[in-house]
Amino acid sequence: MQSRLHSAKLRSVKEVLHLSGPDLQRLTRLSGPDVQRLLRAASSHLRGSGVCTALQLLRQKEQFPEQHQRLSLGCPVLDGLLRGGLPLDGITELAGRSSAGKTQLALQLCLAVQLPRRHGGLGAGAVFVCTEDAFPSRRLQQLIAQQQCLRTDVPGDVVRKIQFGHQIFIEHAADVDTLLECVREKVPVLLSRGMARLVVIDSVAAPFRCEFDQAASALRARRLQALGAELRRLSCTFRSPVLCVNQVGPLRPRGGQGQGGRVLTAADPDLDPPGDGIRGGAGCGSRAAGVSGAPEGRGGGTRGSTRSTGQSAVFCLSVGGERVSPALGITWSNQLLVRLMADRQRPEEAASAPPRRTLRVVSAPHLPPSSCSYTVTAEGVRGTPGTESC
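UniProt numbering numbers the first residue of the sequence shown as 1 and each following residue consecutively.
Simulated from the structure, these hints should not be mistaken for laboratory data. Treat the hints with care, as some may be off.
Unchecked claim - Here are the in silico distance ranges between beta carbons for each label pair:
no., residue 1, residue 2, range
1, 377, 185, 36 to 44 Å
2, 170, 237, 18 to 26 Å
3, 226, 163, 34 to 42 Å
4, 21, 369, 44 to 52 Å
Bear in mind that the values here come from a model prediction, so they are computed numbers and not experimental data. Glycine included, each C-beta is placed from N, C-alpha and C at the ideal position.
Throw the hints in and build the complete structure from the sequences for me.
What follows is the structure, encoded as C-alpha coordinates:
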(Lines of atoms letter the chains of each structure in order from A; the text may use other names.)
(Lines give C-alpha, C1' and ligand atoms only; values in the text may rest on other atoms or scores of the structure.)
Protein backbone atom coordinates (compact mmCIF):
# COMPACT_ATOMS: atom_id res chain seq x y z
CA MET A 1 0.00 0.00 0.00
CA GLN A 2 2.88 2.38 0.79
CA SER A 3 4.36 1.96 -2.67
CA ARG A 4 0.99 2.72 -4.25
CA LEU A 5 0.66 5.90 -2.17
CA HIS A 6 4.20 6.93 -3.05
CA SER A 7 3.63 6.42 -6.76
CA ALA A 8 0.43 8.48 -6.50
CA LYS A 9 2.48 11.26 -4.79
CA LEU A 10 0.28 11.20 -1.67
CA ARG A 11 2.63 12.08 1.19
CA SER A 12 0.34 13.32 3.98
CA VAL A 13 -2.88 12.46 5.76
CA LYS A 14 -4.34 15.77 4.61
CA GLU A 15 -3.81 14.88 0.95
CA VAL A 16 -5.45 11.48 1.43
CA LEU A 17 -8.52 12.87 3.19
CA HIS A 18 -9.01 15.57 0.55
CA LEU A 19 -9.77 12.87 -2.02
CA SER A 20 -12.93 10.81 -2.34
CA GLY A 21 -12.90 7.02 -2.34
CA PRO A 22 -13.26 6.67 -6.14
CA ASP A 23 -10.51 9.27 -6.71
CA LEU A 24 -8.17 7.39 -4.37
CA GLN A 25 -8.99 4.16 -6.11
CA ARG A 26 -8.13 5.66 -9.51
CA LEU A 27 -4.89 7.27 -8.33
CA THR A 28 -3.53 4.38 -6.26
CA ARG A 29 -5.16 1.50 -8.14
CA LEU A 30 -6.07 -0.04 -4.79
CA SER A 31 -9.16 -2.18 -4.33
CA GLY A 32 -12.32 -0.76 -2.81
CA PRO A 33 -11.81 -2.46 0.61
CA ASP A 34 -8.17 -1.27 0.72
CA VAL A 35 -9.22 2.29 0.02
CA GLN A 36 -11.76 2.15 2.86
CA ARG A 37 -9.09 0.80 5.23
CA LEU A 38 -6.77 3.62 4.14
CA LEU A 39 -9.42 6.27 4.83
CA ARG A 40 -10.21 4.79 8.26
CA ALA A 41 -6.51 4.71 9.17
CA ALA A 42 -6.04 8.33 8.06
CA SER A 43 -9.11 9.44 10.02
CA SER A 44 -7.97 7.61 13.16
CA HIS A 45 -4.53 9.22 12.91
CA LEU A 46 -6.05 12.68 12.58
CA ARG A 47 -8.57 12.19 15.38
CA GLY A 48 -5.99 11.04 17.89
CA SER A 49 -6.66 8.77 20.83
CA GLY A 50 -10.45 8.71 20.84
CA VAL A 51 -12.74 10.54 23.26
CA CYS A 52 -11.31 13.12 25.66
CA THR A 53 -13.37 13.61 28.82
CA ALA A 54 -13.90 16.86 30.68
CA LEU A 55 -11.88 15.48 33.59
CA GLN A 56 -8.94 14.83 31.27
CA LEU A 57 -9.15 18.38 29.95
CA LEU A 58 -9.13 19.70 33.52
CA ARG A 59 -6.06 17.62 34.36
CA GLN A 60 -4.25 18.72 31.21
CA LYS A 61 -4.36 22.48 31.66
CA GLU A 62 -0.77 22.79 30.51
CA GLN A 63 -1.81 21.45 27.10
CA PHE A 64 -4.69 23.96 26.83
CA PRO A 65 -3.33 27.09 28.56
CA GLU A 66 -5.46 29.61 26.68
CA GLN A 67 -8.73 27.92 27.64
CA HIS A 68 -7.94 28.25 31.34
CA GLN A 69 -6.28 31.66 31.41
CA ARG A 70 -8.13 34.40 33.28
CA LEU A 71 -7.71 38.07 34.13
CA SER A 72 -7.55 38.43 37.90
CA LEU A 73 -9.85 40.91 39.64
CA GLY A 74 -7.10 41.68 42.15
CA CYS A 75 -8.81 39.96 45.08
CA PRO A 76 -8.59 36.25 45.99
CA VAL A 77 -12.22 36.11 47.16
CA LEU A 78 -13.58 37.62 43.94
CA ASP A 79 -11.23 35.48 41.86
CA GLY A 80 -12.50 32.44 43.73
CA LEU A 81 -16.08 33.36 42.86
CA LEU A 82 -15.18 33.57 39.15
CA ARG A 83 -12.77 30.60 39.20
CA GLY A 84 -9.75 32.77 38.50
CA GLY A 85 -11.20 35.95 37.04
CA LEU A 86 -12.61 37.16 33.72
CA PRO A 87 -12.34 34.83 30.69
CA LEU A 88 -10.22 36.16 27.84
CA ASP A 89 -12.81 35.24 25.20
CA GLY A 90 -16.24 36.84 25.15
CA ILE A 91 -18.15 39.68 26.78
CA THR A 92 -18.61 39.93 30.53
CA GLU A 93 -21.46 42.15 31.70
CA LEU A 94 -21.51 43.78 35.12
CA ALA A 95 -25.01 45.09 35.82
CA GLY A 96 -26.27 46.77 38.94
CA ARG A 97 -27.93 49.72 40.60
CA SER A 98 -26.27 53.08 41.10
CA SER A 99 -23.50 53.15 43.74
CA ALA A 100 -23.10 49.37 43.70
CA GLY A 101 -19.40 49.72 42.86
CA LYS A 102 -19.45 48.75 39.18
CA THR A 103 -17.10 51.50 38.02
CA GLN A 104 -14.83 50.83 41.00
CA LEU A 105 -14.40 47.23 39.91
CA ALA A 106 -13.83 48.31 36.30
CA LEU A 107 -11.04 50.68 37.38
CA GLN A 108 -9.48 47.94 39.49
CA LEU A 109 -9.42 45.64 36.46
CA CYS A 110 -7.71 48.38 34.43
CA LEU A 111 -4.86 48.25 36.95
CA ALA A 112 -4.83 44.47 37.38
CA VAL A 113 -4.46 43.86 33.63
CA GLN A 114 -1.12 45.71 33.64
CA LEU A 115 0.51 43.27 36.05
CA PRO A 116 2.62 40.39 34.69
CA ARG A 117 0.90 37.12 33.86
CA ARG A 118 2.41 35.38 36.87
CA HIS A 119 0.44 37.79 39.07
CA GLY A 120 -2.88 37.40 37.24
CA GLY A 121 -2.50 40.23 34.73
CA LEU A 122 -1.86 40.29 31.00
CA GLY A 123 1.10 42.67 30.90
CA ALA A 124 -0.71 45.33 28.86
CA GLY A 125 -2.95 48.35 29.25
CA ALA A 126 -6.70 48.91 29.05
CA VAL A 127 -9.15 50.87 26.90
CA PHE A 128 -11.83 52.63 28.96
CA VAL A 129 -14.79 53.93 26.93
CA CYS A 130 -16.96 56.40 28.85
CA THR A 131 -20.46 56.85 27.46
CA GLU A 132 -22.11 58.76 30.28
CA ASP A 133 -20.03 60.44 32.98
CA ALA A 134 -16.54 61.91 32.82
CA PHE A 135 -13.72 59.48 33.48
CA PRO A 136 -13.09 59.23 37.28
CA SER A 137 -9.41 60.22 37.08
CA ARG A 138 -9.18 61.32 40.71
CA ARG A 139 -10.40 57.95 41.93
CA LEU A 140 -7.99 56.22 39.54
CA GLN A 141 -5.04 58.11 41.02
CA GLN A 142 -6.18 57.09 44.49
CA LEU A 143 -6.31 53.43 43.46
CA ILE A 144 -2.86 53.67 41.86
CA ALA A 145 -1.41 55.11 45.07
CA GLN A 146 -2.97 52.26 47.09
CA GLN A 147 -1.94 49.40 44.78
CA GLN A 148 0.74 48.08 47.11
CA CYS A 149 -1.76 47.96 49.96
CA LEU A 150 -4.37 46.13 47.88
CA ARG A 151 -2.04 43.76 46.03
CA THR A 152 0.02 42.40 48.90
CA ASP A 153 0.54 39.23 46.82
CA VAL A 154 2.64 41.18 44.30
CA PRO A 155 6.22 42.20 45.19
CA GLY A 156 6.53 45.92 45.80
CA ASP A 157 9.25 46.42 43.21
CA VAL A 158 6.96 44.95 40.52
CA VAL A 159 4.18 47.40 41.38
CA ARG A 160 6.54 50.38 41.53
CA LYS A 161 7.98 49.68 38.08
CA ILE A 162 4.57 49.89 36.36
CA GLN A 163 3.35 53.31 35.25
CA PHE A 164 -0.32 52.47 35.63
CA GLY A 165 -1.68 55.81 34.50
CA HIS A 166 0.24 55.74 31.20
CA GLN A 167 -1.43 52.55 29.98
CA ILE A 168 -5.11 53.39 30.35
CA PHE A 169 -6.50 54.79 27.10
CA ILE A 170 -9.68 56.82 27.59
CA GLU A 171 -12.35 57.42 24.96
CA HIS A 172 -15.68 59.23 25.25
CA ALA A 173 -18.68 58.14 23.17
CA ALA A 174 -21.95 59.95 23.82
CA ASP A 175 -24.00 58.29 21.08
CA VAL A 176 -24.31 54.93 19.36
CA ASP A 177 -22.54 55.97 16.14
CA THR A 178 -19.53 57.27 18.04
CA LEU A 179 -19.42 54.12 20.16
CA LEU A 180 -19.51 51.85 17.11
CA GLU A 181 -16.84 53.93 15.38
CA CYS A 182 -14.64 53.71 18.46
CA VAL A 183 -15.03 49.94 18.71
CA ARG A 184 -14.46 49.40 14.98
CA GLU A 185 -11.68 51.90 14.29
CA LYS A 186 -9.80 52.97 17.41
CA VAL A 187 -9.87 50.00 19.78
CA PRO A 188 -8.49 47.46 17.24
CA VAL A 189 -5.40 49.64 16.72
CA LEU A 190 -4.50 49.52 20.42
CA LEU A 191 -5.21 45.81 20.68
CA SER A 192 -3.27 44.89 17.55
CA ARG A 193 -0.19 46.77 18.78
CA GLY A 194 -0.30 45.01 22.15
CA MET A 195 -0.82 48.29 23.97
CA ALA A 196 -4.07 47.09 25.55
CA ARG A 197 -5.57 43.73 26.49
CA LEU A 198 -8.78 44.85 28.24
CA VAL A 199 -11.77 46.78 26.90
CA VAL A 200 -14.19 48.46 29.33
CA ILE A 201 -17.43 50.20 28.30
CA ASP A 202 -19.11 52.19 31.07
CA SER A 203 -21.98 52.03 30.46
CA VAL A 204 -23.29 50.13 27.48
CA ALA A 205 -26.90 51.26 28.03
CA ALA A 206 -26.27 55.01 28.09
CA PRO A 207 -25.85 55.63 24.32
CA PHE A 208 -29.13 53.84 23.62
CA ARG A 209 -31.08 55.90 26.17
CA CYS A 210 -32.21 58.85 24.09
CA GLU A 211 -31.66 57.72 20.51
CA PHE A 212 -34.37 55.10 20.17
CA ASP A 213 -38.01 55.14 21.16
CA GLN A 214 -40.28 52.11 21.20
CA ALA A 215 -41.17 52.57 17.52
CA ALA A 216 -37.49 52.14 16.58
CA SER A 217 -37.02 48.90 18.49
CA ALA A 218 -36.00 46.94 15.39
CA LEU A 219 -33.28 49.45 14.51
CA ARG A 220 -32.04 49.48 18.07
CA ALA A 221 -31.88 45.69 18.12
CA ARG A 222 -29.74 45.72 14.97
CA ARG A 223 -27.39 48.27 16.52
CA LEU A 224 -27.08 46.19 19.67
CA GLN A 225 -26.32 43.10 17.63
CA ALA A 226 -23.69 45.00 15.64
CA LEU A 227 -22.03 46.25 18.82
CA GLY A 228 -22.07 42.81 20.43
CA ALA A 229 -20.69 41.12 17.31
CA GLU A 230 -17.84 43.63 17.04
CA LEU A 231 -16.92 43.28 20.71
CA ARG A 232 -16.95 39.49 20.50
CA ARG A 233 -14.78 39.61 17.38
CA LEU A 234 -12.23 41.83 19.11
CA SER A 235 -12.19 39.63 22.20
CA CYS A 236 -11.67 36.40 20.25
CA THR A 237 -9.16 37.86 17.78
CA PHE A 238 -6.90 39.49 20.35
CA ARG A 239 -7.60 37.21 23.33
CA SER A 240 -8.72 40.22 25.35
CA PRO A 241 -11.57 40.30 27.88
CA VAL A 242 -14.38 42.80 27.34
CA LEU A 243 -16.23 44.21 30.36
CA CYS A 244 -19.51 46.05 29.73
CA VAL A 245 -21.08 47.89 32.65
CA ASN A 246 -24.88 47.91 32.41
CA GLN A 247 -27.75 49.47 34.28
CA VAL A 248 -30.81 47.81 35.77
CA GLY A 249 -34.47 48.76 35.92
CA PRO A 250 -37.56 47.57 37.78
CA LEU A 251 -39.86 44.97 36.28
CA ARG A 252 -43.45 46.21 36.27
CA PRO A 253 -46.81 44.48 35.92
CA ARG A 254 -47.97 43.84 32.36
CA GLY A 255 -50.89 46.02 31.32
CA GLY A 256 -54.29 44.65 32.23
CA GLN A 257 -53.13 42.58 35.16
CA GLY A 258 -54.38 43.28 38.61
CA GLN A 259 -52.17 43.68 41.63
CA GLY A 260 -53.22 40.34 43.03
CA GLY A 261 -52.25 38.22 40.03
CA ARG A 262 -49.71 40.47 38.39
CA VAL A 263 -47.36 39.20 35.71
CA LEU A 264 -43.83 40.62 35.60
CA THR A 265 -42.67 41.38 32.10
CA ALA A 266 -39.70 42.72 30.21
CA ALA A 267 -42.00 43.76 27.34
CA ASP A 268 -40.70 42.96 23.87
CA PRO A 269 -37.70 40.60 23.95
CA ASP A 270 -35.59 43.21 22.16
CA LEU A 271 -36.54 46.06 24.47
CA ASP A 272 -35.59 47.11 27.97
CA PRO A 273 -37.55 46.16 31.06
CA PRO A 274 -40.43 48.66 31.30
CA GLY A 275 -39.74 51.70 33.39
CA ASP A 276 -35.96 51.44 33.33
CA GLY A 277 -35.58 54.89 31.81
CA ILE A 278 -33.28 53.75 29.02
CA ARG A 279 -35.65 54.76 26.20
CA GLY A 280 -35.73 58.38 27.28
CA GLY A 281 -38.43 60.43 28.92
CA ALA A 282 -38.01 62.00 32.32
CA GLY A 283 -34.84 60.11 33.10
CA CYS A 284 -33.11 61.06 29.84
CA GLY A 285 -29.81 62.84 30.41
CA SER A 286 -29.65 62.27 34.16
CA ARG A 287 -26.93 60.26 35.77
CA ALA A 288 -27.73 56.56 35.99
CA ALA A 289 -31.23 57.26 34.76
CA GLY A 290 -31.86 53.59 34.30
CA VAL A 291 -31.55 53.14 38.05
CA SER A 292 -32.38 56.38 39.80
CA GLY A 293 -36.12 56.03 39.37
CA ALA A 294 -36.26 52.47 40.63
CA PRO A 295 -37.92 52.00 44.01
CA GLU A 296 -35.47 50.43 46.41
CA GLY A 297 -36.28 47.64 48.78
CA ARG A 298 -36.83 48.01 52.49
CA GLY A 299 -35.65 44.64 53.64
CA GLY A 300 -32.07 44.82 52.45
CA GLY A 301 -31.93 41.25 51.21
CA THR A 302 -31.26 40.24 47.65
CA ARG A 303 -32.32 37.15 45.79
CA GLY A 304 -32.09 36.18 42.15
CA SER A 305 -34.79 34.41 40.18
CA THR A 306 -35.94 33.85 36.62
CA ARG A 307 -39.50 34.61 35.60
CA SER A 308 -40.97 33.42 32.31
CA THR A 309 -42.98 36.18 30.68
CA GLY A 310 -44.35 34.15 27.78
CA GLN A 311 -41.98 36.02 25.46
CA SER A 312 -38.60 35.47 27.10
CA ALA A 313 -37.10 34.26 30.34
CA VAL A 314 -36.05 37.36 32.29
CA PHE A 315 -33.59 37.22 35.15
CA CYS A 316 -34.57 39.54 37.94
CA LEU A 317 -32.89 40.36 41.23
CA SER A 318 -35.20 40.76 44.20
CA VAL A 319 -34.03 43.69 46.30
CA GLY A 320 -36.16 44.10 49.38
CA GLY A 321 -39.28 43.04 47.47
CA GLU A 322 -38.52 45.10 44.35
CA ARG A 323 -37.51 43.11 41.27
CA VAL A 324 -34.91 44.59 38.94
CA SER A 325 -33.40 43.27 35.72
CA PRO A 326 -30.45 44.28 33.48
CA ALA A 327 -31.27 46.79 30.75
CA LEU A 328 -31.23 46.26 26.96
CA GLY A 329 -33.32 43.10 26.91
CA ILE A 330 -32.72 39.71 25.38
CA THR A 331 -31.03 41.08 22.25
CA TRP A 332 -28.10 42.22 24.37
CA SER A 333 -28.25 39.19 26.68
CA ASN A 334 -27.58 36.91 23.71
CA GLN A 335 -24.25 38.65 23.11
CA LEU A 336 -22.87 37.84 26.57
CA LEU A 337 -20.61 35.08 27.80
CA VAL A 338 -20.80 35.98 31.50
CA ARG A 339 -23.41 38.06 33.31
CA LEU A 340 -22.67 39.42 36.78
CA MET A 341 -24.92 41.57 38.94
CA ALA A 342 -23.83 43.88 41.72
CA ASP A 343 -26.10 45.28 44.41
CA ARG A 344 -25.72 47.68 47.31
CA GLN A 345 -27.71 47.83 50.51
CA ARG A 346 -29.37 51.14 51.28
CA PRO A 347 -27.48 53.17 53.93
CA GLU A 348 -30.53 53.40 56.22
CA GLU A 349 -30.79 49.61 56.19
CA ALA A 350 -27.17 49.11 57.20
CA ALA A 351 -27.42 50.67 60.67
CA SER A 352 -23.91 51.71 61.77
CA ALA A 353 -22.03 49.30 59.50
CA PRO A 354 -21.01 50.19 55.92
CA PRO A 355 -23.66 49.26 53.34
CA ARG A 356 -23.32 45.65 52.25
CA ARG A 357 -22.57 44.96 48.61
CA THR A 358 -23.12 41.66 46.82
CA LEU A 359 -21.62 40.35 43.59
CA ARG A 360 -23.69 37.61 41.98
CA VAL A 361 -22.94 35.23 39.09
CA VAL A 362 -26.14 35.18 37.04
CA SER A 363 -25.02 33.11 34.07
CA ALA A 364 -21.77 31.70 32.73
CA PRO A 365 -20.93 28.48 30.85
CA HIS A 366 -18.23 27.55 33.36
CA LEU A 367 -19.69 28.83 36.64
CA PRO A 368 -22.62 27.86 38.87
CA PRO A 369 -24.98 30.58 40.15
CA SER A 370 -23.20 31.94 43.23
CA SER A 371 -22.49 35.14 45.11
CA CYS A 372 -20.26 36.81 47.67
CA SER A 373 -20.18 40.07 49.59
CA TYR A 374 -17.59 42.76 48.96
CA THR A 375 -16.56 46.17 50.22
CA VAL A 376 -15.28 49.29 48.46
CA THR A 377 -12.53 51.12 50.35
CA ALA A 378 -9.83 53.63 49.49
CA GLU A 379 -7.62 50.70 48.47
CA GLY A 380 -10.15 49.23 46.06
CA VAL A 381 -12.70 46.42 45.90
CA ARG A 382 -12.25 43.49 48.26
CA GLY A 383 -14.38 40.39 48.61
CA THR A 384 -15.43 39.43 52.13
CA PRO A 385 -14.08 35.99 53.12
CA GLY A 386 -16.66 33.48 54.26
CA THR A 387 -19.60 35.09 52.44
CA GLU A 388 -19.49 32.87 49.35
CA SER A 389 -22.78 31.08 48.66
CA CYS A 390 -24.43 29.14 45.84
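Against the structure, the hints:
1. 377 to 185: 36 to 44 Å: Given a distance of about 38 Å, which is inside 36 to 44 Å, the answer is holds.
2. 170 to 237: 18 to 26 Å: holds, 22 Å
3. 226 to 163: 34 to 42 Å: With a Cβ separation near 35 Å, residue 226 and residue 163 satisfy 34 to 42 Å, so the hint holds.
4. 21 to 369: 44 to 52 Å: holds, 50 Å
When each numbered hint is compared with the structure, no violation occurs for any of them.
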